[in-house]
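Following the hints, complete the assembly by docking chain W onto the known chain Z.
In case you want the letters, here they are:
Number of protein chains: 2
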Amino acid sequence: MTALVALDRLEAFCQGALAAAGADEPTATAASRAMLHGSRLGVDSHGVRLLDHYVRVIEGGRVNGRPTLRFREGFGALAVLEADHAHGALAAYRAMDHATDLASRHGIGAVAIRDSSHFGPAGAYALAAAHRGQIGLAVCNSDAFVRLHDGASRFHGTNPIAAAAPSGGEDPWLFDMATSAVPYNRVQLNRSLGRPMPEGVASDAAGIDTTEAAAVEMLAPLGHAFAFKGAGLAGLVEILSAVLTGMRASFDILPMAGPDLSTPRRMGAFVLAIRPEAVIPRDEFEAGMRHYLAALRASPTREGARVLAPGDREWAEARRRATEGVPLDPATEAAFAALARRFGLATPF
Amino acid sequence: MTALVALDRLEAFCQGALAAAGADEPTATAASRAMLHGSRLGVDSHGVRLLDHYVRVIEGGRVNGRPTLRFREGFGALAVLEADHAHGALAAYRAMDHATDLASRHGIGAVAIRDSSHFGPAGAYALAAAHRGQIGLAVCNSDAFVRLHDGASRFHGTNPIAAAAPSGGEDPWLFDMATSAVPYNRVQLNRSLGRPMPEGVASDAAGIDTTEAAAVEMLAPLGHAFAFKGAGLAGLVEILSAVLTGMRASFDILPMAGPDLSTPRRMGAFVLAIRPEAVIPRDEFEAGMRHYLAALRASPTREGARVLAPGDREWAEARRRATEGVPLDPATEAAFAALARRFGLATPF
Chain Z
1 MTALVALDRL EAFCQGALAA AGADEPTATA ASRAMLHGSR LGVDSHGVRL LDHYVRVIEG
61 GRVNGRPTLR FREGFGALAV LEADHAHGAL AAYRAMDHAT DLASRHGIGA VAIRDSSHFG
121 PAGAYALAAA HRGQIGLAVC NSDAFVRLHD GASRFHGTNP IAAAAPSGGE DPWLFDMATS
181 AVPYNRVQLN RSLGRPMPEG VASDAAGIDT TEAAAVEMLA PLGHAFAFKG AGLAGLVEIL
241 SAVLTGMRAS FDILPMAGPD LSTPRRMGAF VLAIRPEAVI PRDEFEAGMR HYLAALRASP
301 TREGARVLAP GDREWAEARR RATEGVPLDP ATEAAFAALA RRFGLATPF
Chain W
1 MTALVALDRL EAFCQGALAA AGADEPTATA ASRAMLHGSR LGVDSHGVRL LDHYVRVIEG
61 GRVNGRPTLR FREGFGALAV LEADHAHGAL AAYRAMDHAT DLASRHGIGA VAIRDSSHFG
121 PAGAYALAAA HRGQIGLAVC NSDAFVRLHD GASRFHGTNP IAAAAPSGGE DPWLFDMATS
181 AVPYNRVQLN RSLGRPMPEG VASDAAGIDT TEAAAVEMLA PLGHAFAFKG AGLAGLVEIL
241 SAVLTGMRAS FDILPMAGPD LSTPRRMGAF VLAIRPEAVI PRDEFEAGMR HYLAALRASP
301 TREGARVLAP GDREWAEARR RATEGVPLDP ATEAAFAALA RRFGLATPF
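Chains as they are written, first to last, in the numbering used here: chain Z, 1 to 349; chain W, 1 to 349.
A few of these clues could be false.
Label-pair distances were calculated between CB atoms; the ranges are [unchecked claim]:
#	chain 1	residue 1	chain 2	residue 2	range
1	W	Asp260	Z	Gly168	25 to 35 Å
2	Z	Arg70	W	Asp283	17 to 27 Å
3	W	Ala334	Z	Leu193	55 to 65 Å
4	W	Glu317	Z	Gly61	46 to 56 Å
Calculated directly from the structure, the hints in this document are not laboratory data.
No residue lacks a Cβ here, since even glycine has one placed at the ideal position from N, Cα and C.
This is chain Z alone, in the form it adopts within the complex:
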């Protein structure tokens, strides 16, 4: 990590580069907003390091930088978004906005997204619902990296589940997990650092657990000895994101990394919003969230440890980065410099 860069400069650079690559304003804004969610909250795997990739897939044609998004409203509370191979962040933000509108009218609302693409940090879309006072849920499958329980091939994507809830004045409760034991970029990081992997999170080509980062061919599902649970959760994400939408199963999705950057990947996703006032008065819901979170944060800990609510670490990091800026890894800094030269933009650092 070499440079510390202000959030607003990063966001402007992302928007400029995406526009220069051919993205329309809604696409550049949504993709930048999603990357900044990652970079602001310290989820750097889903932060601005993705910019170079997004530029390449828009230029390549895999992602449509000027899509026409269309909602189908056959049923009241569950709409379908035909995303026209849009950037996944544009599709997912639009879908969650629509889901919260539906929930405002029907108590609950959901949008099944078709013909989308990589959407980055799932938590960004769940959080968008919480910022509108609702409980949000967002899931998406992805190309296969994760074996089944007792499996020996890449089957599911890292298939994240993200949820967020407003908590009455405080930062929202924000939970964003991959259903794999660890993210794939942990493997890449440990390879480059020559570090071993933790026990039981990754396997070699025969499906046998390995701690040697260089030998890792696939990730394990969440759950260690009980990884059938992680695999089942990945399956739930798969059914909602891909089967329900008629989109590609993880094992059928073209690899994110290429080499083909021109064929749309036909990815699905699913977002859901719940309006608390459909069940109990707003003040009771918020008092309930405060009661739950206060009890959680005051809960006894193991010696020397801390107990955190989902999001606590991320919100603390966001406050730090708002002041100090975002650290850029060397590869991202180099990619930004190249993009700046190519598009005639000022670098943000």
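Here is chain W on its own, set in the frame of chain Z:
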């Protein structure tokens, strides 16, 4: 396990005992149906071993054996069920029936359940949706048994997440997991057998992992070194089941085991149903499920291992038990004999 008892004899005995304890017909039928779900599929922790407990809580007054269930329909697709301290199975089956009705009209439907009680196997209610051709989801919190990640006290319940989906002619995809690493009855079983616990699934009173069953004071959340994920999933269940409904948080729920068996426990739960035809044609959805499940079952395995879809093991066990009967453990057999004597019923074995 001493006796093998036919499913229909078990179900009739459960209904008879519950009726004798004061349950009305809907309560006795729903509670028996839920217990038989567990006993049929091999989930014996949530099978007929619960009968004796249910008789005691109906007699004690904690559970209202003759409740008046009332739906509140303020919003279109999300209803509230005021369950009048009903048996949790009656409330949850009614709620899921209603959620599927709502989903038939609105594409998605959900019911937030208030003033309910222990509902047994969450999978039973998700499955009820799948049997109506929909994707079902059911969650419920419970009294606290599970520490937080790095926590040292019982905080969440085992807070199950269950989901089911129709798969086009085959047995439904059926997934039912506790968000704890293992169920609490695994501790009780290993204690009575003098067996050690698996690594990393249970902790002593200081929150330190232990494999000594006798020293176990709380369970670990799912995820081993990454148990913040299991704890976060438990939190999502908690928010949907308890906070959204205004019901008791896990750490505020009276212990299931008593000694107080007369005070209603004010438990919430949440069920959700999605109608696939709101998104894509039925035949495409079913073809997608078959494609997904066929790929899963044909997926390469570790040497000597098998890969199963969620539910495969349970459906195979259900077929075996339909022929051979259900094994009863000695404690359950003794409790049945005592209930038979007390209520003047014939034992089912």
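Right, here's what the structure says about each hint:
Between W/Asp260 and Z/Gly168 the beta carbon distance is about 31 Å. The supplied range of 25 to 35 Å therefore holds. At about 23 Å, the beta-carbon gap between Z/Arg70 and W/Asp283 stays in the expected band of 17 to 27 Å. Separation of W/Ala334 from Z/Leu193 is about 59 Å and conforms to the stated range, judged on CB atoms against 55 to 65 Å. Between W/Glu317 and Z/Gly61, the C-beta spacing of about 50 Å keeps the proposed range 46 to 56 Å intact.
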